[in-house]
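Residue numbers (our numbering), protein chains in the order written: chain A, 1 to 307; chain B, 1 to 352.
Derived by calculation from the structure, the hints in this document are not laboratory data. Everything hinted at is true.
Ranges between beta-carbon positions, derived for each pair:
1) A:L9 - B:Q183: 25 to 33 Å
2) B:D156 - A:L296: 28 to 36 Å
3) B:K178 - A:T86: 50 to 58 Å
4) A:I13 - B:G186: 37 to 45 Å
5) B:R150 - A:T170: 47 to 55 Å
6) B:T88 - A:F21: 54 to 62 Å
7) B:K178 - A:I5: 17 to 25 Å
8) B:H182 - A:I5: 17 to 25 Å
9) B:G47 - A:R123: 24 to 32 Å
10) A:R123 - B:E112: 22 to 30 Å
No experiment lies behind these values; they were computed from the predicted model shown. We put the CB at the ideal spot given by N, CA and C, even for glycine.
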Amino acid sequence: MGKFIVRRLLQMIPVILGTTFLIFMMVYALPGDPTDGRCGQRPCPPQYVEAFRREYNLDKPVIVQYLLYLAKLLTGDFGTAYNGKTVLHELSIRYPVTIKLALIAIAIEAVIGIAAGILAAIRKGKFIDNLVTVSTLLLISFPVFVIGGLCQLVFGLQLGWFPVTATEGTWEQLVLPGIVLASLSVAYTARLTRTSLVENLRADYVRTARAKGLTVPRTIAVHALRNSLIPVVTYIGASFGALMGGAIVTERIFNINGIGGYIYKSIHDRDGTALVGTVLCLVVVYLVVNLLVDILYGVLDPRMSHD
Amino acid sequence: MTQDVAAKHQAGVAARKAEMRAAQLAAGVEHLLEVKDLHVEFRMQDGVAKAINGVSFHLDERETLAILGESGSGKSVTAQAIMGILDTPPGYVTGGEVLFQGTDMLKMTYRERAKYRGPKISMIFQDALSSLNPVFPVGWQIAEMFRKHRGMNRSDAYAEAVRLMERVKIPAAKERVKAFPHQFSGGMRQRIMIAMAISLDPWVLIADEPTTALDVTVQAQIMDLLKELQEESGMGLILITHDLGVVASVADRIAVMYAGRLVETSAIGPLYAHPLHPYTKGLLESVPRLDQKGQELLAIGGLPPNLLRMPEGCPFNPRCRYAFDECRTGAPPPLREVEPGRFAACYVAGEV
Ligand SMILES: Nc1ncnc2c1ncn2[C@@H]1O[C@H](COP(=O)(O)OP(=O)(O)OP(=O)(O)O)[C@@H](O)[C@H]1O
Ligand SMILES: [Mg+2]
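So here's chain A without its partners, still in its complex pose (with noise of 0.2 Å):
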């Protein structure tokens, strides 16, 4: 297990390099330029713009530019934005935000996913089954932006039940915006659910629980329902990081100071070293969240043990 987790870390290393300096290049290769703009009408007057580009190293061959944004990193700096505050202070205000909304998230397609799906797959054929099909396929085929305006409107506007922006990002604030970002992958979760236990209520071993003698519940909950959410765990831990991804629209629905906007705005400036930073932190985020499902797969099937 030690190994194997070594191993991983390790392994995490050459990706984060990768990612870093493939979004480094794309940045390099948007068209225009950072000062573009920020001297209102005018173009920049031409010291301005040498003294920009010396101050954040632009006037260096993008590789030595590269080279120097890593040195820095390993000093645990995340460089300065061109808004003139550092990455790391922006990032320490806003991915706590994201991160709490995500959760939220994942609680909710957890939860909800699982229960439904389970609820779908012991009612097979009958209604609740058939509420579920539908009602997922109608979140599967709405995009994000349709269910998080609407979501808005009904639920923060007309009903009142819940705040119509989460510009503060705390937990009440972030209840609606969680429940859109989870939207869609509640109905895939609730349908991964739902085909894996029905797939293992006929398998082998459900008929050995029943010849066993054992009570209905216990031959659904403690035999089928075990082995039918290895998948649905896997698929929940990895749409941790499609969550936090998918953050970026919601976040702008609901006018939430998370990541989104920053990732956002940093392509806008072409502010290579403040998206950088952020991509980074999602990508570090990603693969631990991997990392621990991988370890939980192990947990959960022994056949997967990584002993």
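Based on the hints, put chain B with the ligands in the right spot on chain A.
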């Protein structure tokens, strides 16, 4: 667990069973298990498949009844109907009785019946790898019987699991009690299935092709083990198989199934010497050769009937060399006593 304690355990079980047997006899119940006119159908989109059509047989203590028949003849469905573990839907028991010591189990609720599974009647399956739960240790799965049926605590139940694993001769049982099914060989896994099935000292054990998935030497070991356990405990054994070799060496009586019906029941000796039903005769003539072990019995021409479109008359008539007009019309021939203690469902039984 020492030999001494194991012996004591067996003595206790034997004493309990003797008491119940006396009560059973006093109540005028003849057989340990009696299946009467069992009917099972599968209701599917393209029609109703009548999988079992009036099967009757009985089983006594210490007796081994072999159920023999081609693939799809309804052996497993019969076993599942007796156990009460049919997949419903699509499977439904539509008629008959399954009497355990005189009590009709078909009239019980699911919960009442579940209490019989394990202590009274128990079953082992063909493929032990898929029939054991892959995510729980084998000892846990055996111990579950004691925890759920006898309310034992975890550590006592684990001790019982070790005792059973020793009883079915799994080496180093104490060390392997926490291992998972995939960590065992095929033969050892089947032993674990057996340990689980006999854990509560059932009166009846149904073994559904317990050795088909195993190689020949291991097959013999598993059959020996089953025989030994039966001798120790006196349980009745229903052995489902299509291996005539296995049948000859262990069974007392044999029931031959065809298309959801019994076509012949007989003691083992006379059946081999002189089969009554043309189908049985065909089976015996198709003695499996070594190079096709585990395969279908191919010597009888044609295929078993489609359960959705059963032929008129005797279900075997399209494949029967001896069929004449009466076989092709009306109801299937009923099981009749052709010789004392020997039954066959055929108009020309015994004359062929
Ligand atoms: N769950 C099910 N759904 C639909 N039909 C079924 C089901 N289980 C069994 N059947 C049908 O019932 C018939 C009898 O099947 P069964 O499994 O009892 O055969 P078998 O004699 O055990 O054969 P084998 O030697 O292959 O195990 C088959 O035609 C099969 O298609
Ligand atoms: Mg079968």
